[in-house]
Amino acid sequence: KAGVTQTPRYLIKTRGQQVTLSCSPISGHRSVSWYQQTPGQGLQFLFEYFSETQRNKGNFPGRFSGRQFSNSRSEMNVSTLELGDSALYLCASSGTGGQTGELFFGEGSRLTVL
Amino acid sequence: GEDVEQSLFLSVREGDSSVINCTYTDSSSTYLYWYKQEPGAGLQLLTYIFSNMDMKQDQRLTVLLNKKDKHLSLRIADTQTGDSAIYFCAESIIEYGNKLVFGAGTILRVKS
Numbered sequence: 132k133a134g135v136t137q138t139p140r141y142l143i144k145t146r147g148q149q150v151t152l153s154c155s156p157i158s159g160h161r162s163v164s165w166y167q168q169t170p171g172q173g174l175q176f177l178f179e180y181f182s183e184t185q186r187n188k189g190n191f192p193g194r195f196s197g198r199q200f201s202n203s204r205s206e207m208n209v210s211t212l213e214l215g216d217s218a219l220y221l222c223a224s225s226g227t228g229g230q231t232g233e234l235f236f237g238e239g240s241r242l243t244v245l
Numbered sequence: 019g020e021d022v023e024q025s026l027f028l029s030v031r032e033g034d035s036s037v038i039n040c041t042y043t044d045s046s047s048t049y050l051y052w053y054k055q056e057p058g059a060g061l062q063l064l065t066y067i068f069s070n071m072d073m074k075q076d077q078r079l080t081v082l083l084n085k086k087d088k089h090l091s092l093r094i095a096d097t098q099t100g101d102s103a104i105y106f107c108a109e110s111i112i113e114y115g116n117k118l119v120f121g122a123g124t125i126l127r128v129k130s
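Which chain is which? The protein sequence lines are S and R, in order.
Take any residue in the first sequence, count from 1 to its spot, add 131: that is its number in our numbering.
Take any residue in the second sequence, count from 1 to its spot, add 18: that is its number in our numbering.
A portion of the hints provided could be inaccurate.
What the hints assert, rightly or not - Calculated lysine-lysine pairs in the BS3-like style (CA-CA distance at most 30 Å, straight line):
1) R:K86 / R:K74
2) S:K188 / R:K54
3) R:K88 / S:K188
4) R:K74 / R:K129
5) R:K54 / R:K88
6) R:K129 / S:K188
7) S:K144 / R:K54
8) R:K88 / R:K74
9) S:K144 / S:K188
Claimed, not checked - Just a sample of chain R residues kept apart from chain S, beta carbon distances all over 12 Å, derived:
10) R31
11) N39
12) K86
13) Q98
14) D101
15) L118
16) L126
FYI, nobody ran anything at the bench for these hints, they're computed from the structure.
Glycine included, every Cβ here is placed at the ideal spot set by N, Cα and C.
Next comes chain S alone, as it looks inside the complex:
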């Protein structure tokens, strides 16, 4: 069974640009959540999608957005990039909308903003 797949793995952007990251959850999983990992702030929750609906949102500015498609694949978008957006963006996949205890992460997309 394939794991959580995130693309691209690495990318470099300049300030002011926008970026779209993609996450394909484990087959059959319907919940996808996104996290930002930085050395200074650690792992912080961005948002969660379940059945194409955003269920939870963290404390990030509106420049951070996401969506989920009918096949459960999810994308997150960051507009007007800032230097501080440089981070590892991790996606997590879960089988149900309720808590089951099993939350699996992908390898992440490492974004560098110059």
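With chain S fixed as given, assemble chain R onto it according to the hints.
Frame of chain S; chain R shown alone:
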């Protein structure tokens, strides 16, 4: 509020047991997790425990939960050099679905 704290660093000798500790503040936590992160990689789910349990064992891993003190620990028996990594403790709260609140991570260094 939600807050998870961990000690930052642990050094052990190969073959010894490692114990990584974590405290959390939200008494309505439902699941508590341990993840491992190796350099340049994502998070690997090691184990998790439901909040109505006090212990869970899985091969070399033992999780102990003291709900009264809001204390969680991960014991790794017979620690190997391949166990060197950052270990994250995390909690989830039922009202927030699959949102996890993470600790800052504990760097485990295993000396041969």
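- prompt: Against the structure shown, which of the earlier numbered hints fail to hold, in ascending order?
  reply: 6, 15
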